[in-house]
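Quick note, the sequences are listed as chains C and X, same order. Just so we're aligned, residue 0 is where the first sequence starts under numbering that gives the first Met the number 0, counting upward by one. Just so we're aligned, residue 0 is where the second sequence starts under numbering that gives the first Met the number 0, counting upward by one.
Worth flagging that the hints you see were computed from the coordinates, not collected in a lab. All values derive from a computational prediction rather than experimental measurement. Take the hints with a grain of salt, since some may be wrong.
Stated by the list, open to error - Taking beta-carbon pairs under 10 Å as the criterion, some of the chain X residues facing chain C (in silico):
id: 1; residue: E9
id: 2; residue: P128
id: 3; residue: L151
id: 4; residue: G157
Virtual Cβ for every residue (Gly too), placed ideally from N, Cα, C.
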Amino acid sequence: MSSADREAKAERIRHLLETEGDAVEANTLGFNRGRYESVAELEDYEALKTEARAIKEDAIERLPELIDEVRAAVEENGGTVYLADDAADANRYIREVASEKSADRVVKSKSMTSEELEVNEALERDGVDVVETDLGEWVLQVADDAPSHIVAPAIHKSREEIARLFNTQFDPEEPLETAEELTMFARERLGELIADADVGMTGANFITADSGSIMLVTSEGNARKSAVVPDTHVAVAGVEKIVPSVEDLAPFIELIGRSGTGQDITSYISLLTPPVDSPVVDFDDPDVAFADRDDDREFHLVLIDNGRTALREDEHLRETLYCIRCSACANTCANFQSVGGHAFGGETYTGGIATGWEAGVHGQDSAAEFNDLCTGCSRCVEACPVKIDIPWINTVVRDRINREGDDGRFEFLVEGLTPDEEPAGLDLQKRLFGNYETLAKLGSATAPLSNWTASVGPVRSLMERLVGIDGRRELPEFERRTLVDWFEARGPRVPAGDADREVVLYPDVYTNYVDVERGKAAVRVLESLGVHVRIPSVPGSGRAPLSQGMIETADEKASRVYAALAEHVDAGRDVVAIEPSDLAMFRSEYEKLLPEQSYERLRERSYDVLEYVYGLLENGADGTGLRTGDGGPEIAYHSHCQQRTLGLDRYTRAVLEELEYDVIESDVECCGMAGSFGYKREYYELSMDVGDRLAEQFTEPEARERLVVASGTSCEEQLGDLLARDAVHPVEVLDPQSRSRLE
Amino acid sequence: MSIDTGVASERFEAALADLDVPVTYAEPTAFDRTLRSIARDPAIGTPLPFESVSLPEWVDEDPTPTSLESAKTGITAASMAIADYGSVVLPATDEGAEQVSLFPDLHVAVVRLADIVPNMQTAIDRLGPHLRDGGSAIVATGPSATADMGALVQGAHGPKEVHVVVLRGTESETAGETDE
Ligand code: SF4
Numbered sequence: 000m001s002s003a004d005r006e007a008k009a010e011r012i013r014h015l016l017e018t019e020g021d022a023v024e025a026n027t028l029g030f031n032r033g034r035y036e037s038v039a040e041l042e043d044y045e046a047l048k049t050e051a052r053a054i055k056e057d058a059i060e061r062l063p064e065l066i067d068e069v070r071a072a073v074e075e076n077g078g079t080v081y082l083a084d085d086a087a088d089a090n091r092y093i094r095e096v097a098s099e100k101s102a103d104r105v106v107k108s109k110s111m112t113s114e115e116l117e118v119n120e121a122l123e124r125d126g127v128d129v130v131e132t133d134l135g136e137w138v139l140q141v142a143d144d145a146p147s148h149i150v151a152p153a154i155h156k157s158r159e160e161i162a163r164l165f166n167t168q169f170d171p172e173e174p175l176e177t178a179e180e181l182t183m184f185a186r187e188r189l190g191e192l193i194a195d196a197d198v199g200m201t202g203a204n205f206i207t208a209d210s211g212s213i214m215l216v217t218s219e220g221n222a223r224k225s226a227v228v229p230d231t232h233v234a235v236a237g238v239e240k241i242v243p244s245v246e247d248l249a250p251f252i253e254l255i256g257r258s259g260t261g262q263d264i265t266s267y268i269s270l271l272t273p274p275v276d277s278p279v280v281d282f283d284d285p286d287v288a289f290a291d292r293d294d295d296r297e298f299h300l301v302l303i304d305n306g307r308t309a310l311r312e313d314e315h316l317r318e319t320l321y322c323i324r325c326s327a328c329a330n331t332c333a334n335f336q337s338v339g340g341h342a343f344g345g346e347t348y349t350g351g352i353a354t355g356w357e358a359g360v361h362g363q364d365s366a367a368e369f370n371d372l373c374t375g376c377s378r379c380v381e382a383c384p385v386k387i388d389i390p391w392i393n394t395v396v397r398d399r400i401n402r403e404g405d406d407g408r409f410e411f412l413v414e415g416l417t418p419d420e421e422p423a424g425l426d427l428q429k430r431l432f433g434n435y436e437t438l439a440k441l442g443s444a445t446a447p448l449s450n451w452t453a454s455v456g457p458v459r460s461l462m463e464r465l466v467g468i469d470g471r472r473e474l475p476e477f478e479r480r481t482l483v484d485w486f487e488a489r490g491p492r493v494p495a496g497d498a499d500r501e502v503v504l505y506p507d508v509y510t511n512y513v514d515v516e517r518g519k520a521a522v523r524v525l526e527s528l529g530v531h532v533r534i535p536s537v538p539g540s541g542r543a544p545l546s547q548g549m550i551e552t553a554d555e556k557a558s559r560v561y562a563a564l565a566e567h568v569d570a571g572r573d574v575v576a577i578e579p580s581d582l583a584m585f586r587s588e589y590e591k592l593l594p595e596q597s598y599e600r601l602r603e604r605s606y607d608v609l610e611y612v613y614g615l616l617e618n619g620a621d622g623t624g625l626r627t628g629d630g631g632p633e634i635a636y637h638s639h640c641q642q643r644t645l646g647l648d649r650y651t652r653a654v655l656e657e658l659e660y661d662v663i664e665s666d667v668e669c670c671g672m673a674g675s676f677g678y679k680r681e682y683y684e685l686s687m688d689v690g691d692r693l694a695e696q697f698t699e700p701e702a703r704e705r706l707v708v709a710s711g712t713s714c715e716e717q718l719g720d721l722l723a724r725d726a727v728h729p730v731e732v733l734d735p736q737s738r739s740r741l742e
Numbered sequence: 000m001s002i003d004t005g006v007a008s009e010r011f012e013a014a015l016a017d018l019d020v021p022v023t024y025a026e027p028t029a030f031d032r033t034l035r036s037i038a039r040d041p042a043i044g045t046p047l048p049f050e051s052v053s054l055p056e057w058v059d060e061d062p063t064p065t066s067l068e069s070a071k072t073g074i075t076a077a078s079m080a081i082a083d084y085g086s087v088v089l090p091a092t093d094e095g096a097e098q099v100s101l102f103p104d105l106h107v108a109v110v111r112l113a114d115i116v117p118n119m120q121t122a123i124d125r126l127g128p129h130l131r132d133g134g135s136a137i138v139a140t141g142p143s144a145t146a147d148m149g150a151l152v153q154g155a156h157g158p159k160e161v162h163v164v165v166l167r168g169t170e171s172e173t174a175g176e177t178d179e
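Next comes chain X alone, as it looks inside the complex (with noise of 0.2 Å):
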């Protein structure tokens, strides 16, 4: 598992440089530091719903529209990340991680490491039970794009700027079961 995990790990990171989208490895005990080189204020974002780490108090963690828009940063967590694309999934909540991802400029999506799958039909195998059970999930892969204004413009409707950052030394939880 861990070998997979690594090689998986490596091409992930591999499709993200392909997006420019850059991508930060984080210990629990160092996850706030990390955070917080990354984040801009005012920060955004939804509970974690991982054992080891949980958001610092510089982030707002009740969102309401107003905050929505003023946020410079939303950080949310994704249950998943696909290696070959680069991409984060990221579950919907009532807290607002849907929204949270998806308005403020800069997305900063947390994920396991032990929650990097290699392909599109893992990660959408996992998905199939989810979404039975009424769940919803967006499949993101580097920041919001256009090209309708006659060049390729990042930041159409969603973030201009996505930053990942994986979890280390998370293996322990159960692997690829996520817990929202």
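In isolation and in its complexed conformation, chain C is listed as follows (with noise of 0.2 Å):
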């Protein structure tokens, strides 16, 4: 990206940033929060995710026999199916049915599908009127904006806007100002033009195959209405929305609006198994009853393929396919929180999943635009009701993105830092930060030559217009020292005779070349308990290059690190990590780069610094020698986005309250750093605006005063810039000897 685009980036976030973002991060910290509290009411809810994912990997799997059971069990009905290859496709069939109605409107609810297809505007050339009728959405058409979310799609409009765009647009007699005011005025209007409305078309959240029926979530009825005014009903459904059988819904019912907006259940879940025995509503034949009907009512379902069965056989991208369209993985999202939609989106789907979709039906250059968005924090993962695996489709989209570059211009400036297999047009800025361990390793070898020379004016400036690191950010310094070298030179204090227990102190990059004091204070914390600690030379984990897209150079590292690690784990001792995005390669994605069996065994012996400190104490290790909250600092902690996905954060707090300390701890979902993001000159405002959550909880008064305590590096970065305070990690709090350094 040259250094023109990534001002022109800056510019384009800043700006929704101010117009938009305030409106977007009220609702969608509402409904994450609303998701928080309702699925903690739901005994089971892991159960219901286990259960709904393996519903939808059956029904993928079985795609294609679905599709003709419910073309069969639709014609039974006496409905129609269409199965349309593209958006063209279908939209020249729902042209064709509309002109076959002679329909002068039609009447939609709200469905994505049908954004997809861009349904409207093929409608619209022909002369049909069609008119939204979800309130949210009609804003949108009145306004000639585009939704910004995939369930409420003018969350960024606030309700002082829509006042204004109604009075404008329509002129009531009395201008109109309530929320109340606002929706009774729409329900009005659109129920008017329901009224004589031709076709009413729908999405559908999901299809059965057994019966033919499709599920509609809808709080407001416009859909009920929609779907039995007229008598004739279009329903637009992408392929994946069919699951085989009736009792299948079940688990979905109780997922999605949770999960979504954060209600237990939204009002109307309409289960229609078209033609529906409703007789329409003709007001032409206002005073005929009901009862003394005979209607002939017409459907037709139009199932829609648009690059999903291209999806299906992609073995990185089918997951996508799982989605039902929540939005969970859009609210939880910190950056989405800040920017919404129309930053954190392609020409249709918003929000995590977004990449996949965007890839999947309008290809890579749609989820090119905004897949640098995601940074792996992976909160959006246990949010997902299907379980989907969002970063990792972010992960892999952006490593083919970075396979099409071309921008190879400035390759011989980090000649030396691309000991890679990577493409030679990756982006320069993703190199850099690809490779940061070489970078690290470059500068502490000159420290502190290196140091002095990163922080001049003259470098700076050229880092950033180069490689488009942010000028105001500061950068890490290298230790001449790294955590090995002192290690090797010291020695372990309790010999592996006289322990009950042997680790491997992993040497992340961090904390071996720039944050070493927190790795020693890991050591005497673990020797004080009792534990013989070793710290091998190991390569960097791979959470670096993977988080630029580099997919096969993560994949180098992690056979590396398992090289290097194999023999300890054999002989019985574990693997003990600092930094938990590090932890979480182990435990998450090396699943996708180690073979199935060396996984594993990784996996079961690694450790997070704290859990590990926790089951010591917990196992009857002597705690008397670290240093407690008696005396000590009184605490506000933040955790490490990753490390609260993998549910370790709950190890901290039991550890820091055992020993008595103090604490009070953030509860936002990202500190807005997320490893180099928040370095990258285009995404530096973003960063810093998502970190002012966290920084309005730490600068509350009962906060204000308090060491501030946080695992992961980029979040102890990011405090560091937001609150000019110093923050350490909490393995440092009980070092035993950190007294002076932390009072």
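With the hints as a guide, bring both chains together as one complex.
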């Protein structure tokens, strides 16, 4: 990316932060909070997710056969099924239906699939009046704006804006102001438009193959009206919406509203088996009783392929088809919470999973526009009701986009920083961050000179211009003496013979070259608990290249890490990681990068350092050598996003509490720095905006004076920038030698 | 069975309370009086498929598009209620039950005590055969609502209020089997 492109991107993000950011933030945070509360009430939440996923896995596996089954069921009911190859094919069919009905007006309920088709434009070109009846969609239609969220399309609009829009467009007798007035105005107007519509269009959240039914999840009731008032109903849906049977719907009904807007259930779950028995509401025959009518309803199910069959064949992107479009991945995403779908979305789909959808239905270019907004924080993974590994999809697409690049002009600049298999066209910025390990090695070897050079003005501005490292960020300073070197000279203090447990402390790149102190603290904490510690030289985990979409490099690193650790694992030593993002590699991403057995073995043996301390204390280790909260500082703790997703934050909390620290904890999804993200020129403002939510919590009166503690490197850096107070790793708090340093 | 029904109805009541949906219990003999105290005129409805009760004559049982638009109350039968969620299951009928439950500002759903099922899976399992038989149904939970205009408003396209009437003393009718 050129520096001008970077500036343009930064400018666009800045603009969205200013104009839409507040409304998006308020709404997504509300949805997300609702999700937490609502799923907490579900006793069998995990079991429901597992069941939902199994149903989708099975359905996508058997898709061709289910399509045939749906066709047979719908036709037996008296409806028609059309399987459309792509958008143009679907639109042609829908236009034909409209023209056969001589339709002047089509009323539509909200459907992302029809947005994907751009069917409104196609019908309007034929002179058909298309009316969106979902209130949010209608607002956008009136405003000539595009959805910014897959469930709540107009979340970026405030009430004041909508009032202004309606008052100018419709010039009502009394200016509209309150949400109630605006809603009633819309209801009335849309009610009239629905009353004399000729065709009703809906989407379908699910389709059941056994009965030919469609399920619609709504709260307003407009989908019900659109489906039953006119005599012709067209439902459009991607083929992936099919599930085998009616009984399969139950877990999805329980999960979809909770995951999305945080409602236990939406007002209406419509289970329609069209053509439905309900009589047509014919306002041209207003006094004929419904019971006396003999309607001949028409129903068309338009199933869309549009790239889905190819997605199904794609081993990495196939999971996209399990998506039930609940929006949890958008609401939980810290970047989405700041900018919404107008930045974090492609031609149609928005939010975390949008990369998969856009790559599948519109192609890589559409996905490329926003793919980098996924920082891989993984908070969406536990939010997703069908357990899709969304960050992995984003990484795979990023890797493919990298391979398309053609900008290799500055390659010579990073010669020596590129010992990898990655394509030459890879963006220079990605190349730099992806090879952070090499950079750190070099930097450490030449420190303090390297630190001095990196801090001088001309070098910083060159870095900003060429590589896009924002000049406002402080750069980490490399230590001349690495953790591995320090330990080699010092040696272990608890002999293997005296210890119950032997540990390999993983010298992650950051701890080894930059924050050596936290590594030393970890050694002292483990040793004070009677553990024999070793720190062999082990390569970087591959997190850095992976986050830039350099999968081959990450793969290579994973193999080297495993090679370096295999013998220790075989010897019964535990692997303890200080940096949560590296532990997350061992526990999650390595499943994709290592042979299954190797992955399993490493996963079973590796721990987060505080998780390990917790286990030692639980098993009776003597903790009296550790520094306790008695006399120790009060703590404001920010757990790391990947650590939370793995459910490991609770160990840090438990240890701190057991040692009688007074702890308050942040509850934001991510600090906003997210590895290299916050350093990038084009994302600096966004990173700080995300970080503000964390900063706010830690500047509240009850937190303001506390020691800031964070588990992740990037969180520490970000908190340092946000608060102008240094943050430390929890293991440093416990360090028997830390008294003087932290008080 | 009766114990189960008791527990389920308590949970149903609690769920409805969370939704701010009032519930009234009625013996068949007091059914008319109960409805009278809830419904606002003009009221329309579709025939109730229960042996023990039918709609009183002040309810227009032959709705038309005109009466649909002017009615203040719509009364329809629910084939089930779901205790966990406070939902009522509203079958679509060719007499227009779907429309009657949707257009007027107040929807009164009538459900038998014995038709309260504990959870979603049970409800969907019972709906399976009905849907495979060509039937349709709405699982309705509370009034119609939207937050699209900047705050939560009830009555976006459908009813602003819902009132549930639970019919007691009909346990002799086979529980769980609906007559639609
Ligand atoms: S990917 Fe998962 S969380 Fe995101 S919209 Fe789809 S189902 Fe929901």
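Numbers of the earlier hints that this structure fails to satisfy, in rising order: 1
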